[in-house]
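Undergrad: If you want the building blocks of each chain, they are given just below.
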Amino acid sequence: MAKFRRNRFASVLVLFFALGLVSIGFTGINKLVTPAAAKIGSEETLVDKGSALFAEGCSTCHGLNGQGTSDGPTLAGVGAAAVHFQVSTGRMPMAAPGAQVMRKKPSYNEAETLALAAHIATFGPGPAIPSAEQVNEWQNASLAEGGELFRTNCAQCHNFAGSGGALTNGKYAPSLGLATPLQIYEAMITGPQSMPIFSDKTLTPESKAAIIRYIQELNKSENPGGMDLGRVGPVTEGLVLWIVGLGSLIIFAVWIGARVR
Amino acid sequence: MTNKFDINNTFDPDKEDQAPKISKEITTKLPTAAKGVDHYLRRTDTDPKAARRAEIQVATLFGASSFFTLVFLVSFVAIPREKKIAVSLIGVTGGQNLVLGVSFGFAILLIGIGAIHWAKKLMSDVEVVQERKEIKPADDVQQEALDAFRVGAEESGIGQRKLIRRSLLGALALFPLPFVVMLRDLGPSPKGELRETAWEEDLHIVTDITYQKIRPEDIPVGNLVSAMPENILEIQEEEQNLNERGKSAILLVRMRPEEIKSQQGPDWDYQGIVAYSKICTHVGCPIALYEQRTHHLLCPCHQSTFDLADSGQPIFGPAARRLPQLAITVDEEGYLIARQGFQEPVGPSFWERGA
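Top to bottom, those sequences are chains A and B. Here my numbering is used: the first sequence runs in plain steps of one and ends on residue 1143. Here my numbering is used: the second sequence runs in plain steps of one and ends on residue 760.
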């Protein structure tokens, strides 16, 4: 009996050890394949810098002139705001094709990102990067109005607490926890991936500012119970209750019924 | 039927002739149902030291419970209510709440664990079977109950006093009537309310929450607008409820005209702008999870998916009917208006809806 029990624990340990090895290995490989940011000379103009970076980092999929290839869409008319959003959130350059391009550590610094945006904006007219004054307007916006607008226009996908949620076929709306006010603004005017556009005419800059204010408030609000459990409501809360609560009840029941030697 | 628990069967540590496993002769002395079951003695049955250890363990568990009760009492007074503490894995939380919860939980849990440990290790460990009682009572008990009933009936005189008997029967017969009458309050019938919305010809389409009129050029391809009829606030004011808001909510999206595969009526779009009810035809959740690349609209409640490029047909999930489309155009000032009301009821099915 004792020997059998040792064997059982041993297999669990081996499993955990193997899982650990795999995760360490994966992290290492991820670090290796992340491209190093290119060096830029200070004498070049913004667009020229962007052009060099584009040829190196983007043209493989988007084409040398941003005309698009079978691996990536055309960039004509996407505008500087879309480029800044995609690159500053690390979504572009993309690690691997899939249903959803995920947020990761950005591959380019802010100066390089702006240069890329300036270069790609020359491909065709599109939304420009919103100015700092436009974005910072959120500090004066109405929180209550922001909440109302958020629940009407955003919460359906990004969840009532901005935690994101599932869409169809493996796509999802990401959590807003890491998004900066500028990135939120850019996402609303450019509609990245599955997200629709919320133009300045149908969702005015004041409304956008109010929404950003509400998201900032959501992100810094405390979790009364300590653990946030993903802030997705009864799904994870129920899961924890079922697994931890019912699980411990079952363990006690098995213990009570077990024969004593 | 007696309880066959045999108190004499418990282990006596002073007797030397007892083997760890009960011998055949002892087994025959056990209650009948336990025959044939191998009865093992526990270590605590055979080894006084083990029994003593178990006793100490149980006492320790009870002692720990007392300790946690004291912790509860002390922290109730000592920890300020507004104090926040950071706990790894849990995060920042109210310190007093956490300590109160944990100490109270352990105080009661340890009593339970101690009691079970005590029962398992030290209390009598004999297999006991209680025979099921017969359902039918003994004849004399049955007769006694019948007699008591007959005596009661005779003493009440219900057989002789016809007036009382008949008035009682009458009262009992009338008593259910209020329940029948109260069925009226299930009404009044909603009549057309389930079939009609506020939308009608020439009504302006306005953005929800901000209530601004919309021009087609305000909506670029890929844009999503949650919209309402222009008079929604007046209706809400008048009706003092949100019913109309629940029915009239629509979504406006613009796609390239060549992407539109079909619509519910000829040219119900305006230059690629289509308007659909925001209310799921399954059970009426508001849907706005619009994927601008696929034109799929996903309901968050039960994952019904509608294709807005193809008449709002359901392509996945429990919804059986398409989302009703609203025909739109522009007025002479260039603002989007409805060409007519919805041509079919919006939202989920109801009894009289028809196909």
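In case anyone wonders, no lab produced these hints; they're calculated from the structure. Since the model is a prediction, treat every value here as computed from it, not as a measurement. Cβ coordinates follow ideal geometry from the N, Cα and C atoms, glycine included. One or more hints might be untrue.
Pair ranges (Cβ atoms, derived) [stated by the list, open to error]:
hint, chain 1, residue 1, chain 2, residue 2, range
1, A, R1141, B, K489, 23 to 33 angstroms
2, B, P593, A, T1062, 21 to 31 angstroms
3, B, E738, A, L1060, 56 to 66 angstroms
4, A, L1121, B, R698, 24 to 34 angstroms
Here are a few chain B residues that sit away from chain A, every Cβ distance over 10 angstroms (derived from the structure) [claimed, not checked]:
hint, residue
5, Y445
6, G468
7, V492
8, M587
9, I624
10, G670
11, F721
12, R744
Taking lysine to any residue pairs in the SDA-like style, the calculated list, with each CA pair at most 20 angstroms apart, reads [said to hold, decoys possible]:
hint, chain 1, residue 1, chain 2, residue 2
13, A, K1053, B, K526
14, B, K526, A, E1030
15, A, K1083, A, A977
16, B, K618, A, A1140
17, A, K1102, B, G627
18, B, K526, A, K1083
19, A, K1083, B, K488
20, A, K1102, B, K618
Undergrad: Are there hints from earlier that the structure breaks, and if so, what are their numbers?
TA: Hint check: 1, 2, 3, 5, 7, 9, 11, 13, 14, 15, 16, 17, 18, 19 and 20 fail, others pass.
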